[in-house]
Amino acid sequence: MAGSGGPWGGGDDEPGDNNKGQDGRRGNGDRRGQPMPDVDQLMKKGQEQLRVLMGGKGNGDSNGRGPGGGAPVNPINRQNLFFTAIGLALIWAYLSFYQLKPEERSVELLFGRFSSIGEEGLNFAPWPFVTAEIVNTTRQNTTAIGTGAGGAQDNGLMLTSDQNIVDIEFEVVWIINDPTKYLFNLKDPEGTIRAVAESAVRDIAARSQLMPILNTDRGAIGRLLEEEVQATLQSYDSGISVVRVNLLKSDAPEEVKDSFRAVQAAQQERDRLQKEADAYANKIKAQARGNASQTAEQAKAYSTQVVNVAEGDASRFLSILREYVKAPEVTRKRMYLEAMEQVMGGMKKIVMSGGAEATGAVPYLPLNELIPAPKGATN
Amino acid sequence: MRAIYVIPALVIVAAAALSSIFTVDEREKVLVLQFGEIKQSIDKPGLYFKVPFIQDILRYDDRILGLTTTPQEFPLADNRRLVVDAFARWRIVDLEKFRRAVGSGGIEAASANLGAIVNPEVRDVLGEATVEMVLSSARVGLMNKIRDNAREKAATLGIDVIDVRLTRTDLPQQNLTATFARMKAEREREATDEIARGNEAAQTLRAEAERTAVEITSAANKDAEIVRGQADAKRIAIYADAYGQDPEFFAFTRSLTAYQTALKGDTTSMVVSPDSDFFRYFLAETAAAPKP
Chain V
0 MAGSGGPWGG GDDEPGDNNK GQDGRRGNGD RRGQPMPDVD QLMKKGQEQL
50 RVLMGGKGNG DSNGRGPGGG APVNPINRQN LFFTAIGLAL IWAYLSFYQL
100 KPEERSVELL FGRFSSIGEE GLNFAPWPFV TAEIVNTTRQ NTTAIGTGAG
150 GAQDNGLMLT SDQNIVDIEF EVVWIINDPT KYLFNLKDPE GTIRAVAESA
200 VRDIAARSQL MPILNTDRGA IGRLLEEEVQ ATLQSYDSGI SVVRVNLLKS
250 DAPEEVKDSF RAVQAAQQER DRLQKEADAY ANKIKAQARG NASQTAEQAK
300 AYSTQVVNVA EGDASRFLSI LREYVKAPEV TRKRMYLEAM EQVMGGMKKI
350 VMSGGAEATG AVPYLPLNEL IPAPKGATN
Chain A
0 MRAIYVIPAL VIVAAAALSS IFTVDEREKV LVLQFGEIKQ SIDKPGLYFK
50 VPFIQDILRY DDRILGLTTT PQEFPLADNR RLVVDAFARW RIVDLEKFRR
100 AVGSGGIEAA SANLGAIVNP EVRDVLGEAT VEMVLSSARV GLMNKIRDNA
150 REKAATLGID VIDVRLTRTD LPQQNLTATF ARMKAERERE ATDEIARGNE
200 AAQTLRAEAE RTAVEITSAA NKDAEIVRGQ ADAKRIAIYA DAYGQDPEFF
250 AFTRSLTAYQ TALKGDTTSM VVSPDSDFFR YFLAETAAAP KP
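Chains as they are written, first to last, in numbering that gives the first Met the number 0: chain V, 0 to 378; chain A, 0 to 291.
Hints listed in this document are in silico derivations from the structure and should not be mistaken for laboratory results. Idealized CB from N, CA, C, for every residue including glycine. Be a bit skeptical, because a hint or two may be false.
[As the list claims (entries may be wrong)] Listed below are the simulated BS3-like cross-link pairs for lysine-lysine, each with C-alpha atoms no more than 27 Å apart in a straight line:
| hint | chain 1 | residue 1 | chain 2 | residue 2 |
| --- | --- | --- | --- | --- |
| 1 | V | Lys256 | A | Lys183 |
| 2 | A | Lys43 | V | Lys180 |
| 3 | A | Lys221 | V | Lys299 |
| 4 | A | Lys221 | V | Lys282 |
| 5 | V | Lys348 | A | Lys263 |
| 6 | A | Lys233 | A | Lys221 |
| 7 | V | Lys248 | A | Lys263 |
| 8 | V | Lys299 | A | Lys233 |
| 9 | A | Lys263 | V | Lys332 |
| 10 | A | Lys221 | V | Lys284 |
[As the list claims (entries may be wrong)] Here are some chain A residues pointing at chain V (derived, C-beta under 8 Å):
| hint | residue |
| --- | --- |
| 11 | Gly65 |
| 12 | Ile161 |
| 13 | Glu207 |
| 14 | Asp222 |
| 15 | Tyr238 |
| 16 | Asp240 |
| 17 | Ala241 |
| 18 | Phe249 |
Only chain V is shown next, with the shape it has when bound in the complex (with noise of 0.2 Å):
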């Protein structure tokens, strides 16, 4: 067998050879039995089935009835004959057709080469002359970034253009969309898609400064990876499309993080002082608008009061003064006597005639008993 496992086989004396059962394509394409018959196998069936078929003693696996028991036998039994046929044809059909499902489609390679891609529901790849791949297209598969999943590197840490670090975590959702590229192209796709995101990111993070990246809103930075990722997967032709980027986390890391929520607090602070003058600007301003309105009311009330108490004043002067006119002499004794009988009414007096009978005596006038009140009055 030239040291080979066979002119199909698996098997290869290569050690740098990788062969087609470690491809890391996991769980996107099962694999429809082994590819390439087993060769070994392959010539022990068929020489187990010659002997049969030579009258030889078969180990009875062929059919359930093997020809045993000493009995001469008729080396061609038509019936055996038959079972096998149909048993072969049987185990042929089985590992020729296969089934997709509705997000399933695959790829069937006849000779290795590229043949069909097969759509959901009953396919047929007769073997051994072709083999199908199926891959899964509808299924979104998430590769996830700086969060720990990629190893210990995998951080998430990154270096912006002023030589800050920021902390950003995400997610690559992906789909096949073209099986065939994506079989063919790229031999580890989702190694890729890891390498090539965490390129996206630390480039976009290198182009800009941290607070903008910690600012700007998240659909904009995940819409600038998506279309970086998309683009450099499309120029490795991979039959991958990128469907969205969940930005998880675009933060400063955790060692600032104290820090920031610092200028968090710093900033409501300022806000909180802010409204706290604005308030008191507030009270003081209209309780000054207030004290105003009522300095002019009262102004206004007194000069109204003024006005008014004068020309009442001026008007009862003038009415008197007319009359008194006509008739001064007399009008004038009246006055004063009625004035001068109100106020002399009220008080106490003490008449003391001062003609000249009377100089010789000297008055006593006892003030202390007359005057009640520290103010006195006298005349």
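We have chain V; now place chain A onto it with these hints.
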């Protein structure tokens, strides 16, 4: 018993037939060796034949392969150090050349060779750049330069380097602490600034408000005094107008009013002489009418 000879003969013929047929998959390239000599290089998939037992086939992956370099730390043009790693995507284009250059080590050996090409390229290209350049939009240009250089060199291995990209361009571990400390200091500066600005704004607002209040109050007082003054003036004018018609009579009536208000009540004691005008008729001997 001819069958005894027939069966082995058939088996040998079948085995020979089978071992002369082989397929080449879409994902493979195949070398056909005859006693170690390269006879044929196949890069199209399909069914092929070879001379059994004499010729041997070697299968190689025809897909895009990955290479991730180990992180390397080195100084850049501005003497600042960065830890850099990169990944390359490559595929075998010239199988014969590849085999001759790489030997029997296959893909693994090729990866090692390619790593030995890419790593120095990364160092060389970034070594001429500054940290600012690496952390800017010039990064793409640097990556492309690394890729082009690596592609040129890797061509001798029969390899096409499809892409080289920088992944990590990070600060060395021992610089991280300093960087974090700097970031913290920056934040603290910002926080202090925020509070200071808050206080500034608050103080300004308060002072402005107080000023406004004083302005409003004083303006109101001024206006009030003006109004009062005008009213006083008007009063004076009114009084002057009225009383000016007979000042003497005004003095008389006003005096009487003043007496009435000033000497009100029984709090006042008065010593009067009956000679006063009020008592003109009080002790008069004659109540006769004055002579005409």
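Status of each hint after checking the structure:
Restraint check for V:Lys256 and A:Lys183: the C-alpha separation of about 9 Å stays at or below 27 Å, so the hint holds. Only pairs whose Cα atoms come within 27 Å are accepted, and A:Lys43 paired with V:Lys180 is accepted, the gap being roughly 16 Å. Between the alpha carbons of A:Lys221 and V:Lys299 the distance comes to roughly 13 Å, so the proposed pair stays at or under 27 Å and holds. A hinted pair counts as satisfied when its Cα atoms are at most 27 Å apart, and A:Lys221 with V:Lys282 qualifies at roughly 22 Å.
For the proposed pair V:Lys348 and A:Lys263, the alpha carbon gap of about 13 Å is at most 27 Å, so the pair holds. Between the alpha carbons of A:Lys233 and A:Lys221 the distance comes to roughly 18 Å, so the proposed pair stays at or under 27 Å and holds. As the CA atoms of V:Lys248 and A:Lys263 are separated by approximately 94 Å, the hinted pair breaks the 27 Å bound. Our distance criterion of 27 Å between C-alpha atoms is met by V:Lys299 and A:Lys233, whose separation comes to about 13 Å.
Note on A:Lys263 and V:Lys332: the hinted pairing holds, with a Cα-Cα distance of about 21 Å set against a maximum of 27 Å. Distance restraint check for A:Lys221 and V:Lys284: the Cα-Cα separation of roughly 18 Å lies within the 27 Å cut-off, and the hinted pair is therefore satisfied. Hint status for A:Gly65: holds, given a least beta-carbon distance of 5 Å to chain V, under 8 Å. At about 7 Å, the closest approach between the beta carbon of A:Ile161 and any beta carbon in chain V falls short of 8 Å, and the interface hint on this residue holds.
Interface hint status for A:Glu207: upheld, as the beta-carbon distance to the closest one in chain V is roughly 7 Å, under 8 Å. The interface hint given for A:Asp222 holds, since its Cβ lies 6 Å from the closest Cβ of chain V, which is under the 8 Å cut-off. Checking A:Tyr238 against chain V: minimum C-beta separation of about 6 Å stays under 8 Å; hint holds. Interface hint status for A:Asp240: upheld, as the beta-carbon distance to the closest one in chain V is roughly 7 Å, under 8 Å.
Among the interface hints, the one on A:Ala241 holds; its C-beta lies about 3 Å from the nearest C-beta in chain V, closer than the 8 Å criterion. Interface restraint check for A:Phe249: the shortest CB-CB distance to chain V comes to about 7 Å, inside 8 Å, so the restraint holds.
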